[in-house]
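2 protein chains.
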Amino acid sequence: MEGALKGIRVIDLSHILAGPTATMILADLGAEAIHVEPPQGDDAREYGPFVGKVDKDHSAYFISLNRNKKSMVLNLRHQKGKDILRELIKVSDVVVENYRPGTMRNIGFDWEEIQRLNPKTIYASISGFGHDTLPQYSNRPFYDVAAQAYSGLMSLTGPEQGPPCRVGASMGDIIAGQQAAIGILAALFYRTITGRGQRYDGSMVDGLFFTLENAVVRYTTEGEIPKALGTAHPVIAPFQAFPTRDSEIVIGIGGDKLWAHFCTVVGRRDLTDDARFRTNPLRAKNREILVGILTQEIIKKTAKQWTNIFEKEGIPYSPVNNIKQICEDPHIQFRNMLVEIEQMGIGRMKIAGSPFRLSETPGRVCHGAPSLGEHTEEILTTVLKMPQSEILSLRNEGVIN
Amino acid sequence: MEGALKGIRVIDLSHILAGPTATMILADLGAEAIHVEPPQGDDAREYGPFVGKVDKDHSAYFISLNRNKKSMVLNLRHQKGKDILRELIKVSDVVVENYRPGTMRNIGFDWEEIQRLNPKTIYASISGFGHDTLPQYSNRPFYDVAAQAYSGLMSLTGPEQGPPCRVGASMGDIIAGQQAAIGILAALFYRTITGRGQRYDGSMVDGLFFTLENAVVRYTTEGEIPKALGTAHPVIAPFQAFPTRDSEIVIGIGGDKLWAHFCTVVGRRDLTDDARFRTNPLRAKNREILVGILTQEIIKKTAKQWTNIFEKEGIPYSPVNNIKQICEDPHIQFRNMLVEIEQMGIGRMKIAGSPFRLSETPGRVCHGAPSLGEHTEEILTTVLKMPQSEILSLRNEGVIN
Numbered sequence: 001m002e003g004a005l006k007g008i009r010v011i012d013l014s015h016i017l018a019g020p021t022a023t024m025i026l027a028d029l030g031a032e033a034i035h036v037e038p039p040q041g042d043d044a045r046e047y048g049p050f051v052g053k054v055d056k057d058h059s060a061y062f063i064s065l066n067r068n069k070k071s072m073v074l075n076l077r078h079q080k081g082k083d084i085l086r087e088l089i090k091v092s093d094v095v096v097e098n099y100r101p102g103t104m105r106n107i108g109f110d111w112e113e114i115q116r117l118n119p120k121t122i123y124a125s126i127s128g129f130g131h132d133t134l135p136q137y138s139n140r141p142f143y144d145v146a147a148q149a150y151s152g153l154m155s156l157t158g159p160e161q162g163p164p165c166r167v168g169a170s171m172g173d174i175i176a177g178q179q180a181a182i183g184i185l186a187a188l189f190y191r192t193i194t195g196r197g198q199r200y201d202g203s204m205v206d207g208l209f210f211t212l213e214n215a216v217v218r219y220t221t222e223g224e225i226p227k228a229l230g231t232a233h234p235v236i237a238p239f240q241a242f243p244t245r246d247s248e249i250v251i252g253i254g255g256d257k258l259w260a261h262f263c264t265v266v267g268r269r270d271l272t273d274d275a276r277f278r279t280n281p282l283r284a285k286n287r288e289i290l291v292g293i294l295t296q297e298i299i300k301k302t303a304k305q306w307t308n309i310f311e312k313e314g315i316p317y318s319p320v321n322n323i324k325q326i327c328e329d330p331h332i333q334f335r336n337m338l339v340e341i342e343q344m345g346i347g348r349m350k351i352a353g354s355p356f357r358l359s360e361t362p363g364r365v366c367h368g369a370p371s372l373g374e375h376t377e378e379i380l381t382t383v384l385k386m387p388q389s390e391i392l393s394l395r396n397e398g399v400i401n
Numbered sequence: 001m002e003g004a005l006k007g008i009r010v011i012d013l014s015h016i017l018a019g020p021t022a023t024m025i026l027a028d029l030g031a032e033a034i035h036v037e038p039p040q041g042d043d044a045r046e047y048g049p050f051v052g053k054v055d056k057d058h059s060a061y062f063i064s065l066n067r068n069k070k071s072m073v074l075n076l077r078h079q080k081g082k083d084i085l086r087e088l089i090k091v092s093d094v095v096v097e098n099y100r101p102g103t104m105r106n107i108g109f110d111w112e113e114i115q116r117l118n119p120k121t122i123y124a125s126i127s128g129f130g131h132d133t134l135p136q137y138s139n140r141p142f143y144d145v146a147a148q149a150y151s152g153l154m155s156l157t158g159p160e161q162g163p164p165c166r167v168g169a170s171m172g173d174i175i176a177g178q179q180a181a182i183g184i185l186a187a188l189f190y191r192t193i194t195g196r197g198q199r200y201d202g203s204m205v206d207g208l209f210f211t212l213e214n215a216v217v218r219y220t221t222e223g224e225i226p227k228a229l230g231t232a233h234p235v236i237a238p239f240q241a242f243p244t245r246d247s248e249i250v251i252g253i254g255g256d257k258l259w260a261h262f263c264t265v266v267g268r269r270d271l272t273d274d275a276r277f278r279t280n281p282l283r284a285k286n287r288e289i290l291v292g293i294l295t296q297e298i299i300k301k302t303a304k305q306w307t308n309i310f311e312k313e314g315i316p317y318s319p320v321n322n323i324k325q326i327c328e329d330p331h332i333q334f335r336n337m338l339v340e341i342e343q344m345g346i347g348r349m350k351i352a353g354s355p356f357r358l359s360e361t362p363g364r365v366c367h368g369a370p371s372l373g374e375h376t377e378e379i380l381t382t383v384l385k386m387p388q389s390e391i392l393s394l395r396n397e398g399v400i401n
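Protein chains in written order, with the numbering used here: chain A, 1 to 401; chain B, 1 to 401.
Don't take every hint at face value.
Where chains are identical, the list cannot tell them apart; a pair therefore holds if satisfied intra-copy or between any two copies.
Claimed, not checked - Each computed SDA-like pair below joins lysine to any residue, with the alpha-carbon atoms no more than 20 Å apart: (1) K301 to M386; (2) K257 to Q40; (3) K120 to P38; (4) K80 to D273; (5) K120 to T192; (6) K257 to L76; (7) K257 to V54; (8) K257 to T103; (9) K324 to G108; (10) K324 to Q305; (11) K385 to Q325; (12) K53 to G223; (13) K350 to V339; (14) K80 to N308; (15) K80 to G108; (16) K120 to I193; (17) K304 to E222; (18) K324 to R9; (19) K6 to I193; (20) K53 to Q136.
These are calculated hints, taken from the structure and not from any lab test.
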């Protein structure tokens with residue numbers, strides 16, 4: 001089996017998380033992703049946890065995001081570094097970067113120049129607000145936590161009447177990274193028809209705004225400003241965590257048929273006929289009363305007891321797993337979602353696998369992450385056919401590592 | 001301008017959120033998405049908020065997810081309904097569904113049958129755990145809140161030492177929907193080379209597990225079970241919300257150079273030389289002490305005062321916007337991320353726009369969502385060339401609406 005993107009070369013000028021997420025997806029799908037790093041390396045190499053020692057090649061944070069990629073060091077402040085990047089763009093399909101807007105232009109690689117070098121290039125940028133917006137936004141430095149706060153997502157996340165909370169994963173970066181992968185793949189498909197590349201201008205704020213679904217329409221149609229609700233859902237009920245006799249359990253009841261069955265299962269068949277709870281809109285409206293009643297029932301048994309009952313009766317439920325529990329879960333093992341890699345200088349370690357389960361071209365983790373500049377020479381030699389003497393002189397001049 | 005997926009026909013058998021998110025993305029990118037609904041309609045039509053009246057065609061929840069699509073009613077319990085679906089699959093490119101595994105097989109449309117009907121078909125399913133997993137998982141009914149709890153994401157989200165919280169948007173569905181769009185697009189690209197379709201087997205749990213990034217490696221490399229941290233980040237600091245004199249403001253400082261500048265900006269240049277905070281790993285390790293010190297500085301000024309300072313100095317920051325604030329934001333307006341549609345029977349309303357900003361083939365919202373069965377007759381007539389008399393008899397038999 002080969003990857004869907006076999007033969008596609010990606011120049012990955014990105015750093016930390018949003019851009020590297022996009023290129024990780026492309027690499028999982030079989031593209032050759034060349035992570036072009038400055039001499040000091042991608043900033044993510046400074047983030048923990050570190051395995052063995054605090055060192056640029058030992059950051060598990062970096063490793064988990066850069067599996068399947070190659071690393072090449074190129075000093076883009078040096079004229080010869082720029083020349084090499086120009087040559088690489090000429091023989092590549094995709095360029096990805098998540099610098100602050102303006103940076104690529106300043107180093108001589110704006111969209112016009114990239115297009116001039118190779119009209120087939122798909123050039124994707126990801127930034128806080130995007131390149132094409134009002135100048136007071138496009139220039140702003142931005143990180144995930146700021147995107148979560150700016151987009152409104154943080155205001156929806158947290159305990160009811162409690163402080164707003166950050167989602168415990170970097171959704172600002174990851175949503176934008178997935179969307180960039182979507183834009184790049186759509187552009188690759190379109191290129192098979194037209195032969196031309198194009199530009200993708202991603203925004204972390206837009207990306208998260210797109211995910212707010214019913215919160216946006218609740219505001220635009222009803223004028224209501226949605227708020228955080230703990231584990232509950234604003235328009236579906238019951239759909240949240242309940243305390244059992246020992247730990248918490250999440251229950252999600254969508255339709256009315258399931259609701260009737262659920263009432264019987266928890267021994268409150270009478271609720272089926274209760275006019276306050278007859279339809280989902282009514283249950284959502286009377287959520288507080290409903291949750292009060294159901295809590296009295298759910299707390300009577302342990303999580304284990306409810307699990308057995310809900311399994312047998314087909315009630316959608318879940319324990320609230322911690323990271324240890326999910327990592328040890330038989331399903332995660334079966335689907336190879338926690339995959340062991342052989343990481344140079346470290347040995348075996350486990351990272352999250354690829355969720356792109358295609359029958360012919362499944363997303364795969366083929367190898368670990370590159371050490372800083374591991375493939376510099378290989379790429380110069382094989383992709384750009386550069387003689388050894390030239391590589392040596394570039395190294396002496398500090399253009400490569 | 002046309003869409004990247006112009007000419008691609010998608011049969012959307014999905015409901016509520018994960019599947020419809022995937023097909024919304026494909027429709028934004030120009031595909032013809034035919035939402036095939038049962039006679040009673042997609043369950044999402046029962047979810048609020050409702051505009052004007054509580055009715056299947058007035059759910060803003062449904063409308064916001066089904067813009068750009070067509071709706072066709074087909075009774076798949078009826079033999080003739082199955083026959084029509086077979087004919088549609090023969091002339092389509094993509095089939096998407098998010099039924100509980102087993103349902104498609106029960107109604108006669110498993111992967112083998114779809115492939116037999118049309119070997120070029122890309123068939124994407126999304127479910128809680130996926131089809132290809134241990135049977136005790138694949139059969140489980142599952143919703144977003146359960147996926148957030150099961151995957152471990154909920155255990156990472158919420159106040160420090162407080163209760164776990166659900167992300168205030170349906171990330172279990174949306175992440176899986178975006179990943180399915182990625183899988184479908186990769187398969188469409190690959191099909192241009194091989195001519196063959198393939199199957200995508202998505203899982204909401206796997207999808208979220210993939211987003212947990214450093215939480216997974218913190219557990220696998222250090223044995224630490226990561227916990228929720230309010231607005232803070234586990235391995236980057238300072239990277240969280242701080243109270244100002246009036247409201248909260250989020251600050252995100254990644255690298256050491258920015259840290260040094262930030263210290264000067266908040267009037268604590270001395271902290272640059274403080275050994276406890278010299279590098280990011282040290283700042284993350286000593287986060288509690290660091291946050292205590294910085295809070296004393298940030299609280300001295302109002303959010304507005306800090307905004308002016310941080311803007312001028314290039315410090316990554318953000319207010320914690322609520323949904324009203326982000327909907328009214330000039331950037332969101334400029335990027336057309338809150339787009340007005342003309343919705344039949346409702347009039348003008350605003351929904352989230354498309355984040356797929358491609359220069360040649362931008363994602364677009366061309367029209368509102370379909371009323372239930374709005375395009376049944378159109379599709380039978382134009383796609384399947386069915387004579388009027390046959391349509392009439394199908395209607396009399398309850399196969400269509």
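We went through each hint and held it up to the structure:
1. Taking the shortest Cα distances, K301 and M386 never come within 20 Å of each other, neither inside one copy (71 Å) nor across copies (57 Å).
2. In this assembly of identical chains, the alpha carbons of K257 and Q40 lie at most 20 Å apart only when taken from different copies (13 Å versus 59 Å within one copy).
3. In this homomeric assembly, K120 and P38 never come within 20 Å of each other (Cα to Cα): the closest approach is 25 Å inside a single copy and 43 Å across copies.
4. Taking CA atoms no more than 20 Å apart as the test, K80 paired with D273 passes in neither setting, with 77 Å inside one copy and 36 Å between copies.
5. In this homomeric assembly, K120 and T192 come within 20 Å of each other (Cα to Cα) both inside a single copy, at 10 Å, and across copies, at 17 Å.
6. In this homomeric assembly, K257 and L76 come within 20 Å of each other (Cα to Cα) only across copies, at 19 Å, whereas the closest approach inside a single copy is 62 Å.
7. Taking CA atoms no more than 20 Å apart as the test, K257 paired with V54 passes between copies only; the shortest distance there is 19 Å, against 56 Å inside one copy.
8. For the homomeric pair K257 and T103, the shortest alpha-carbon distance between copies (17 Å) is at most 20 Å, but the shortest distance inside one copy (56 Å) is not.
9. In this assembly of identical chains, the alpha carbons of K324 and G108 never lie at most 20 Å apart, being 47 Å within a copy and 39 Å across copies at closest.
10. Taking the shortest alpha-carbon separations for K324 and Q305, neither the intra-copy value of 22 Å nor the inter-copy value of 43 Å comes in at or below 20 Å.
11. Taking identical chains as interchangeable, the C-alpha atoms of K385 and Q325 are never at most 20 Å apart, the minima being 49 Å within one chain and 54 Å between chains.
12. Proximity of K53 to G223 under the C-alpha cut-off of 20 Å is restricted to the inter-copy arrangement: shortest distance 16 Å between copies versus 53 Å within a copy.
13. In this homomeric assembly, K350 and V339 come within 20 Å of each other (Cα to Cα) only inside a single copy, at 5 Å, whereas the closest approach across copies is 43 Å.
14. Taking identical chains as interchangeable, the C-alpha atoms of K80 and N308 are never at most 20 Å apart, the minima being 66 Å within one chain and 40 Å between chains.
15. Taking identical chains as interchangeable, the C-alpha atoms of K80 and G108 lie at most 20 Å apart only when both belong to the same chain, with a minimum of 13 Å there against 62 Å between chains.
16. For the homomeric pair K120 and I193, the shortest alpha-carbon distances inside one copy (12 Å) and between copies (17 Å) are both at most 20 Å.
17. Taking the closest pair of Cα atoms, K304 and E222 never come within 20 Å of each other, the shortest separation being 41 Å inside a single copy and 29 Å across copies.
18. Proximity of K324 and R9 under a CA criterion of 20 Å is satisfied in neither setting, with 36 Å inside one chain copy and 42 Å between copies.
19. Taking the shortest alpha-carbon separations for K6 and I193, both the intra-copy value of 18 Å and the inter-copy value of 11 Å come in at or below 20 Å.
20. When the C-alpha separation of K53 and Q136 is checked against a cutoff of 20 Å, the pair qualifies neither within a copy, at 41 Å, nor between copies, at 41 Å.
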